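Each chain is listed here by its residues.
Number of protein chains: 2
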Amino acid sequence: MSAEPFVVVGGDAAGLSAASKFARADTDRDVVVFEKGRWVSYAHCGTPYFVKGEVEKLTDMLSLSPEAAADRGIDLRREHEVVAVDTDERVVTVAGPDGTFEQPYGDLLIATGARALREPIDGIDLDGAFTLHGLDDAAAIRSFLTDPVEASVADLGGGGFVDEARAARFGAMEPPESVAIVGGGFVGVEMAEAFTAHGLDVHLFQRSGHVLGSFGDAVGERVEEHLEAHGVTLHLGASVERLRGDDAGRVEAVVCEGDELAVDAAMVGIGLRPNSDLVADAVDLGETGAIAVDDYGRTSAERVYAAGDCAEIDHVVTGEPTWNTLGLPANRAGRAIGQTVAGDPEPIGTVANTSVVKAFDLECGRAGVTDLDEARDAGFDPVSETITAGSRSGYYPGSAETTVTLVADRDTGRLLGGTIVGADRAAVRIDTVATALASELTVAEVERLDLGYAPPFSPVWDPILTAAKVLRGSL
Amino acid sequence: MSAEPFVVVGGDAAGLSAASKFARADTDRDVVVFEKGRWVSYAHCGTPYFVKGEVEKLTDMLSLSPEAAADRGIDLRREHEVVAVDTDERVVTVAGPDGTFEQPYGDLLIATGARALREPIDGIDLDGAFTLHGLDDAAAIRSFLTDPVEASVADLGGGGFVDEARAARFGAMEPPESVAIVGGGFVGVEMAEAFTAHGLDVHLFQRSGHVLGSFGDAVGERVEEHLEAHGVTLHLGASVERLRGDDAGRVEAVVCEGDELAVDAAMVGIGLRPNSDLVADAVDLGETGAIAVDDYGRTSAERVYAAGDCAEIDHVVTGEPTWNTLGLPANRAGRAIGQTVAGDPEPIGTVANTSVVKAFDLECGRAGVTDLDEARDAGFDPVSETITAGSRSGYYPGSAETTVTLVADRDTGRLLGGTIVGADRAAVRIDTVATALASELTVAEVERLDLGYAPPFSPVWDPILTAAKVLRGSL
Chain A
1 MSAEPFVVVG GDAAGLSAAS KFARADTDRD VVVFEKGRWV SYAHCGTPYF
51 VKGEVEKLTD MLSLSPEAAA DRGIDLRREH EVVAVDTDER VVTVAGPDGT
101 FEQPYGDLLI ATGARALREP IDGIDLDGAF TLHGLDDAAA IRSFLTDPVE
151 ASVADLGGGG FVDEARAARF GAMEPPESVA IVGGGFVGVE MAEAFTAHGL
201 DVHLFQRSGH VLGSFGDAVG ERVEEHLEAH GVTLHLGASV ERLRGDDAGR
251 VEAVVCEGDE LAVDAAMVGI GLRPNSDLVA DAVDLGETGA IAVDDYGRTS
301 AERVYAAGDC AEIDHVVTGE PTWNTLGLPA NRAGRAIGQT VAGDPEPIGT
351 VANTSVVKAF DLECGRAGVT DLDEARDAGF DPVSETITAG SRSGYYPGSA
401 ETTVTLVADR DTGRLLGGTI VGADRAAVRI DTVATALASE LTVAEVERLD
451 LGYAPPFSPV WDPILTAAKV LRGSL
Chain B
1 MSAEPFVVVG GDAAGLSAAS KFARADTDRD VVVFEKGRWV SYAHCGTPYF
51 VKGEVEKLTD MLSLSPEAAA DRGIDLRREH EVVAVDTDER VVTVAGPDGT
101 FEQPYGDLLI ATGARALREP IDGIDLDGAF TLHGLDDAAA IRSFLTDPVE
151 ASVADLGGGG FVDEARAARF GAMEPPESVA IVGGGFVGVE MAEAFTAHGL
201 DVHLFQRSGH VLGSFGDAVG ERVEEHLEAH GVTLHLGASV ERLRGDDAGR
251 VEAVVCEGDE LAVDAAMVGI GLRPNSDLVA DAVDLGETGA IAVDDYGRTS
301 AERVYAAGDC AEIDHVVTGE PTWNTLGLPA NRAGRAIGQT VAGDPEPIGT
351 VANTSVVKAF DLECGRAGVT DLDEARDAGF DPVSETITAG SRSGYYPGSA
401 ETTVTLVADR DTGRLLGGTI VGADRAAVRI DTVATALASE LTVAEVERLD
451 LGYAPPFSPV WDPILTAAKV LRGSL
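So the protein sequences, as listed, match chains A and B. Note that the first sequence covers residues 1 to 475 in UniProt numbering. Note that the second sequence covers residues 1 to 475 in UniProt numbering.
Hints may be right or wrong, so weigh each one.
Since copy identity is lost for identical chains, a pair holds within one copy or between any two.
[As the list claims (entries may be wrong)] Here are the simulated lysine to any residue pairs, SDA-like style, with alpha carbons at most 25 Å apart: (1) Lys469 to Glu440; (2) Lys36 to Ala114; (3) Lys57 to Asp277; (4) Lys36 to Asp277; (5) Lys57 to Asp344; (6) Lys469 to Glu102; (7) Lys52 to Thr403; (8) Lys52 to Arg392; (9) Lys52 to Asp75; (10) Lys52 to Trp461; (11) Lys52 to Asp284.
The set of hints was computed from the structure by calculation and includes no laboratory data. Only a predicted model underlies this, so the values are computations on that prediction, with no experimental measurement involved.
Extracted from the complex, chain A is given alone in its bound form (with noise of 0.2 Å):
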């Protein structure tokens, strides 16, 4: 084993992970990890809810803090940006406060993340136009949201690493009476309930013909009655193509289609990009564009390693290499490669692509190949079925109406993959389909499923059993 340190460039799920597991490990080598920024191990999928202001502060965000990770063994440096990497020679270059330097490795993990796709929204770098992806973001819209009056860099609770110049720049702008929200996935939605409950007219623009596309239309025609119900306005199938500044250089209208609307404030939410330009030329990426990886999380370098948003994974239902950049998949796979590298080796898993998001009041799960012309690429012939059920017995108050789409394969029986919608305790069903999934059930055998039943929580037949046995039927 090479006394060479393991070195983790980025210090946020993935890396963490890798850098405590390894550290536990108690080997007699050291683990050194790089940040670029202040940040580390923070939940980015909370920041929606610090806007918003159920969150209180940005530091109850972080699940470990500098000191717990010292705490722990870890050589924590932020401030330090990795800006090339020698897969030959087996030495990372470092950009730090005081200087440039470069470190060898025994082991290398790339965690770099991924970063929030601003192209082709022209305007986007106008003040009061916004991606969010990361803390820094979070406090810039949070300080814009409230009335200068009020807004204070202290109230953040930014612990000494936000970006206080920024937040308080923003908070001292007067706040938006109304915002356009470019883009209908996660943030777009999570985003809408933030805007609303700070009082603002929300637009949404969407591209396609549904919001959440991921979770299919069924789910988003919910959400979007929801969303709508909560007044939000929807402008589907509509591409926006920019945002007009005023003369300060602040938004003052999003331009879609030709058409101009006046708004205060503007959130783009329209996708990512896997950050592996650091590695493009050192190891293989796949044809996601991320970083290409075995099952133990090995690159084709050497001893060289990838995890978390930049990389991918296989999927369980195709089991081809997908790109997902949700937060369990990167803890897992970060804490798994650290178990390999610290000498026990172990398998970073796959993904089903299993996503939760709430719109207001309703859940919506999603997990496996629920497209089906992306099942038919992945050499199935997919049937679905959809079918709306109560979530509890129909006698007990609070059933709320619960929709399931099952797709599965016509020649095996298979199920490929599922999505729900509801408010009562929809989101966790999808767990089941998760499941099932992992364990390539037939729709058969989900059907015969002993799924728990008690008239608070589910009728007899559960509406992913209902589902299964309609599909069923048609295959």
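Please build the complex by placing chain B on the supplied structure of chain A, with the hints as guidance.
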């Protein structure tokens, strides 16, 4: 195929599911259902909530009315009791309002259900002492809890089926101010909530050390704390010998290990017994006392099936017959038998003995083999771990402590069972365990499941994943 009808004995979940499925198959044979009572196809599980007052009418709990059954082509005969079965001659003897007659059958389904155990509690026939098994019991108890001035049989919503004389008699009595619940199982825990809602002083007596025994100690302990926090007085490890009545024959005290406690009412929920006596000489019974069946619900007698609370069903973990009295397996087995009898054989499936129950605001779930002795008896070398984790991201409001116990086999790593308790979406999470059990997943495979994560619904590592991680470390 015989031209004689498909005869079903018992018009509840299993019986009417079978009859409905058979009738839909549109064969040229009739289906006749004999039900000894007036109620058919009603939701046992809803009765505590009817007593509590959350369910308004008795008829709300009917999943199929007699009229709807007739519309489906089912020849439903209520108040017809099958008193003898002759499997050689293929004929049943039926006692109905117009006398006794013989009914030949082509195929026969025994779906006679279960009954509430009344032994060995002496005094259970006193006024004010109840078991809860059926809508007439529920009607009597709710009437008893209602002030005589307000009590009205019409308010029960009995739809012409209810035992009005019994309800009226209890409705005329002075309502109780205190109650002894004998038995801390489902009925005991759910009725504690119902009686508390009516303002009674509630004493719950449990013979063993913990309530909800089938859910294990970790759940039992949390439920006990919660019951006490809601004002229920617990008497654990306390064997009730008898109920003592006053001169008018009404419950006056509960006698427990020589001590008396004055109470005005008693609720006895000490278990069920299968109604297998009718065919005890005609078909083989299993070790559980319920009717033994094969994978298609066939008994040892030709063309005689059994399903629901009177029959056994195989356990997915042990592969051995078990006795399960819950709604979903009864519905599923009945439906499968209806299809099989109609000529399209369908297995009745297996059970994990999954169950969920609400105890005031706590949600409890269990699935599989969770008792270590039971696991050893089944040939496993069980290892168990219990963890407590938040139900949501720690920074998100409303996260509730969720306690998960998982049990696995040391040799194979296979998951054997699990329990869960918590106030926030705990119960439905047991479905992940139930699905994993059906798929014979190992603990390592459970740990790598791609379950949903978003701050309002789950921490990054769902409590079930955390439990799997910890248990895997102990294998």
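Status of the hints after comparison with the structure:
no. : hint             : in the structure
1   : Lys469 to Glu440 : both (17 Å within a copy, 22 Å between copies)
2   : Lys36 to Ala114  : within (13 Å within a copy, 67 Å between copies)
3   : Lys57 to Asp277  : neither (33 Å within a copy, 66 Å between copies)
4   : Lys36 to Asp277  : within (15 Å within a copy, 75 Å between copies)
5   : Lys57 to Asp344  : neither (38 Å within a copy, 61 Å between copies)
6   : Lys469 to Glu102 : neither (61 Å within a copy, 37 Å between copies)
7   : Lys52 to Thr403  : neither (27 Å within a copy, 30 Å between copies)
8   : Lys52 to Arg392  : between (30 Å within a copy, 17 Å between copies)
9   : Lys52 to Asp75   : neither (35 Å within a copy, 59 Å between copies)
10  : Lys52 to Trp461  : between (37 Å within a copy, 24 Å between copies)
11  : Lys52 to Asp284  : neither (40 Å within a copy, 64 Å between copies)
Violation of the numbered hints given earlier is confined to hints 3, 5, 6, 7, 9, 11; the remaining hints are satisfied by the structure.
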